[in-house]
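There are 2 protein chains.
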Amino acid sequence: MSQKVTIAVDAMGGDHAPDVVLEGVAAALAADADISVVLCGPKAVVEPFAASHERCRAQVTTQVIDMAEHPARAVRKKKDSSLVVGCRLVKEGAAQGFFSAGSTGACLAAGTLVMGRIKGVSRPCLATVVPSPVRPIIMCDVGANADCKPDYLVQFAQMGSVYAQKIFGYEKPSVALLNIGEEDTKGSQFAQDAHQLLRRRVPNFVGNCEGRDVLAATYDVVVTDGFTGNVCLKTIEGAAKVLFGAVKDAMMSSTKAKIGALCVKDSLRGLKDVVSPDTYGGAPLLGVRGACIVGHGSSNATAIKNGVLTTARVVRQGVSEIIEHMVAKGNDSDTITQ
Amino acid sequence: MSQKVTIAVDAMGGDHAPDVVLEGVAAALAADADISVVLCGPKAVVEPFAASHERCRAQVTTQVIDMAEHPARAVRKKKDSSLVVGCRLVKEGAAQGFFSAGSTGACLAAGTLVMGRIKGVSRPCLATVVPSPVRPIIMCDVGANADCKPDYLVQFAQMGSVYAQKIFGYEKPSVALLNIGEEDTKGSQFAQDAHQLLRRRVPNFVGNCEGRDVLAATYDVVVTDGFTGNVCLKTIEGAAKVLFGAVKDAMMSSTKAKIGALCVKDSLRGLKDVVSPDTYGGAPLLGVRGACIVGHGSSNATAIKNGVLTTARVVRQGVSEIIEHMVAKGNDSDTITQ
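Protein chains in written order, with UniProt numbering: chain L, 1 to 338; chain D, 1 to 338.
By construction, these hints were calculated from the structure, which means they are not laboratory data. Just so it is clear, the structure is predicted and the values come from calculations on it, not from any experiment. Watch out, some of these pointers could steer you wrong.
[Said to hold, decoys possible] Per the computed footprint, the stretches of chain L lying under chain D, defined by three or more beta-carbons under 8 Å from a beta-carbon of chain D, are:
1) 128–139
2) 209–220
3) 225–235
4) 250–259
5) 267–274
Beta carbons are placed, not taken as given, at the ideal position from N, Cα and C, and that holds for glycine.
Bound-form chain L, shown alone:
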């Protein structure tokens, strides 16, 4: 039996909410009998679902934050939105984790403002599981902090390492800095400064990596500022979409190719699942008090299910507590790889 955990879920998050959210929550509840869900959303959505599903409680909310709203402003104003209420449930201890596939900006704002930063964490960062066909790796920050100071990256490295270790079982995760050359002296002034700090303060830091190393999964954890990380992540997503589209077109370009396509279809479908962000179900906001996982706006029911299950795993593995302990200890980095 696993540890019993309660996850607050934003019923209204994502492009296909609430239908796929409900479907995904049902699947998560069925997959893990030790998970309970507090479903946050409008009465008409959450009450019938809670009534017909075990281990699900309805939390009626009256406001919804749209994708287009200014994140921090919306979070401050819409105190009875599903997103803000979900985070508040974690803060108040009624749930241990929160999952939403809503506006990433609003999730970051709610996670940071409502759940609150762990004491000593300069900036929470959004980490992502890079959907590599080689193996999953962690990249952070991918968008919480467009402007970073070099020393933020030391904590990103530490927090990302905890996640890689506890969620993916990478014993002593290797950390690399995303840069534009392998040599220590390469890159922008920011990257050079970050390199020096990482070298001094993160024992599992192995040096610079380049854009090509990310999807190739050369290292376990890639750290970068939120601007570069976001560009890199979206470049990968775009490249996968364009290249798979082009492969599909090429396979439709002649009768011979079409026949071949029928034979390789099943094998390629497996690959497509591997490189889909849906497989991992969401990006953790690291450095806040409690588990907070942000799903892709385009999440399908599988992605929602995986997102809820990941949130439970983050709670059970005590990721937030380990980060808190690590930061409090001061000599942060020693605890990462124990």
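Given the coordinates of chain L, assemble chain D onto it according to the supplied hints.
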């Protein structure tokens, strides 16, 4: 008959020099009877080749710049290297353009220091043709300036537009800023400042784009600082390599898939050529006096051939002169789209 042009070529540039360089130069000479080449390199390499090829002159040099050397230092010290001599030939008027597949850093340093900046250009930028299966587009800067000021990007936009117009025939090229959100107010402080300047000073600026738009070729010209551009470009290259590798693996995963693979092989090979950087043969350094094209270190003979032909095309289209005129005119942007 085309305009006669003379191109200086670095015989020692690239991982597979000089063999593939010689093969590529021979192919370029055969493809265009109005091109002459001055081949720069060691006596034993360049003299026999020049003796056995029409329209090729040997320029004996005694030094070679390695990939590992510090670029600017090597350029200053090794005045008789093939790379420095090639750029000097352009400066002195003995050639109109220079092509090398050598160390990118050293090419940028030699282009800027030896050929010299166009008056009024703050920083030359390295542009690249993004190898998209949709269509070729231009991204700049991709590595000449790791640290940029927002106003550099205005000139990058102008210079990239000239290249897109003159080399790819895009009549009124659309320019987008690589950022982490579509709204004007998104991004780092740098990106927000650059956005405002581009909005004011570049009439063909259309707004922000994201990482996913680059390979999708949503816009004709993507501008960014050299750090972000380099990360983005290498991410695309890495993603293409990993994803094509994974497709290949998937096609070998069962007997049925293997049979299918035989049928789709030809169609996929065509696609692989399209997304290969070799097809476009090099990245132009824009803003220097004369044509300067930098090839990929891993260039094969086809890439070298295409690089030499592209250099000739840049000369014939007067890219450098148009940029000079545009900058001198002060009201830069008006000339771009005429």
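Quiz item: Going back to the hint list, which numbers does this structure go against?
Solution: Nothing - there is no hint that the structure violates, so all of them hold.
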